[in-house]
Amino acid sequence: MTTATATAAPLGRLLGAELRWVLRRPRTLVMLGVFALVPVLISIGVAVAGSRPGAGLIGQIGGNGLVLPIAAITLSLTLLLPLAVAMAAADAIAGETASGTLRGLLIAPVGRLRLVVMKAFGVLVVAALATLVIAVVGVVAGLVVVGGADGQLVTLSGTSVGLGGALGRVALVVVWAVVQLAAVGAIALAISAFTEHPLVVLASVLGGLIVFGVLGAIPSLNWLQPYLLTSGWGAGADALRDPLPLGGLLESTWRALCYLAVGAGLTTYRMLRRDA
Amino acid sequence: MAAGIAVAGIVGLGLLAIPAGAGAAPQLPPVSAEDLVSSVLAAHPGPLNGTVELDNNLGLPALPGIPQAADGTSTARIWTDGTSKARAQVPSGTGERTLVADGTTFWSWNSADKSVTKAPEGNRPATTPEKAATDPAAAATEAIAKLRATSVVSVDGTAEVAGRPAYALVLTPAPTERTLLREVRVAVDSETRMPLQLAVLANGSSDPALQVGFSDITFGPQDASLFTFTPPPGSTVTTPDQTAKPAKPEGPPAGATKPTVVGDGWDTVLVASMPRQDAGAAPRRGSFDLSSLGTPVSGTWGSGRLITTAVAAAIITDDGRIAIGAVPEQVLTAALAK
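So the protein lines, in turn, are chains A and B. Going left to right, the first sequence walks through residues 1 to 276 as this note's numbering numbers them. Going left to right, the second sequence walks through residues 1 to 338 as this note's numbering numbers them.
One or more of the hints may lead you astray.
Each pair of labels, with its calculated beta carbon distance range [what the hints assert, rightly or not]:
(1) A:GLY100 to B:ASP71: 38 to 44 Å
(2) A:ALA49 to B:THR105: 31 to 37 Å
(3) A:LEU167 to B:ASP223: 40 to 46 Å
(4) B:ASP223 to A:GLY16: 43 to 49 Å
(5) B:SER38 to A:GLU251: 52 to 58 Å
Simulated from the structure, these hints should not be mistaken for laboratory data. Where a beta carbon is used, it is the ideal one built from N, C-alpha and C, also for glycine.
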C-alpha cells in the first residue's frame, strides 16, 4: 500500500493549483454563466406575467422579490446543480484517467490522501460557486427586476422579514444546498474513482437522482424515504417560513453528511489502492 | 479506515430511519382511571408551543379545500398563551396557512393567493378542520367528557409521547353500545395532565384509523408577537359580511336545518337535512357530487346511498336527509325511521 510519506508540495499550493485548473476550464465558466441566467430568466418571466399569485414557490415571487434566490436554488437543486457537481467530479478523476494525466499525479510525490482532498476541494468549490452565483444574482434580480415587498421578505407564514433577516435566510439556504451538493459530489467522486469514462459518472449521478425521485413518489415505498438523499430537498422552502422550522433542514443535512461519508470513504478506499 | 468511514455513513442512514420515541415505557406512579379522567378535565396546561401531527387512515375521499380529510399525514405548528390567544400554522409543500387569534380578531392567512381574512373573534367558525387538526388536547378532552358515561375507562400502562412520559387512558365502549369503534386511546401527560395524543381504533384493525397528537411540545411563556398578525405588503384583506354566515366550504350550507341528535355516547347519530339545490343551478364551488359515492340502500325509512368507512357510516337519503355516526348501518336506519 502506498503511504503518504513523501509530501514535497504544501497542501495550500496543491489546492491553489487544483483551483486554477478547475476555474480555467472554459466549461466551468460557461456553466457558472448559465447558472447566473437561471434567476434572471425567472425574474423576467415573473415580471412579464405580473404579480398574479400562482402555484408553488414561483407563484410566491410576484411582488416579493427576495423569494427569488431561495426559489431559484430550490429549483436548480433538483437537477441543474447536481449536474454541475457531477461534471466537476467526472473531470476530477475519471476525466484525468481518460486523458492519461492522472498517471502523472499518482506517481508524483503527493500522498494519495492529499490527492483525494485536492480533488474533493475542486468539486466543492464548483458546488459553492454555482450556488453562490444563483444566490447573488437572485437577490439582485429579485430586488431590481421583480421588486421587493417594501424591501422586505413576505414569508409563507404571512409575516414580514427585514432585508437583513432575508439575506440571512438566503445564506442559510446556500449553506444547506452546498452541503447537499457536497453529498452528491462525494458519491460522484467515488464513481469517478472507479471508472475511466467521465460519461459514466454523469449518467449514474443523473440517473440515480431520477430513480430516487421516482422511488420517492411511490406511496407504497414510503419506508424508503429516510434513505433517499432527494427526499429532504423540499426543505429549502422551510427557510421561507416564520418562525424558522429547522427540523427538516437539519434532518436533510444529517442525511447528506451520511452520503458524504459513504462517498468520501469509497473514494479514499479506491484511490489508496489504485495502481498508477 | 476509509472503508470504515463509508460503513459509518451507511449506519448513520439507518439510524436516521429509526422513528423517534421508540424507547422503553417510562416508570410512573400508578393512578386510577377515575382520578386521571377528572385531572384531565380540570387541567390547565398554560402557555405552550408544539408540533401537531395528524395521521389519517379514515379512507375518506379527498375533499376540495380540506387536504387534511384525505388519508395521509399532515402537520401543524401551534402556539398558545393559555388563554384566548393562539396561533396555528399549517404548512403544505410550498405554501402555508396561518391562523391567528389575537384576543379580539381572528386572522386567517393563505399563502397560495396571499389573502388575509379578518373576522371579529365572536364570529369565528366554531369547528374548522384546521382547528380539530391543530388542537388535539381540546379534541381529546371533549371526547373524554362526551364518552365517559357510556364507556369502560381504564389506564393501560405508560408511553412516551412527544418526548414526555404519559399515561395511556383507554375508553372502551360499554357492551350495550352499538358502534364500529373498538376503543379511543388518549395519552395524558403525567405532569400537566394535558392530553398529548388521541387515537381512534376501529374494529378489525390494529392501526389507529385516526391519530392526532403532539410530535413535540414545549410548555412555557410564549413570545407575545406570535399572537399578533399584520397583513404583509402585497396581500389582500377581506372582512366577511358580519350578518352572513362565514362562507366556508366546510361550514353548514345556508338553508340546512340544525341537525338532530339521536342516541348518546358511542352510538350517537346525527340526522340533518341537506339544502335542496335548484335543478338548473351549477353546483356550489367546493361541493361535489355525493350521488357518485356509496352503495344504494332502501327500507321503511325511504331509500338512499350508504357510505361506509373504517370508523363511520353515513346514509344520504334521496329526499335530502343525511344520517351519520360511528355506528353500523342498522343504527343509522333506525335513527332515520324515527
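May I ask which of the numbered hints given earlier this structure violates, with the numbers listed in increasing order? 1, 3 and 5
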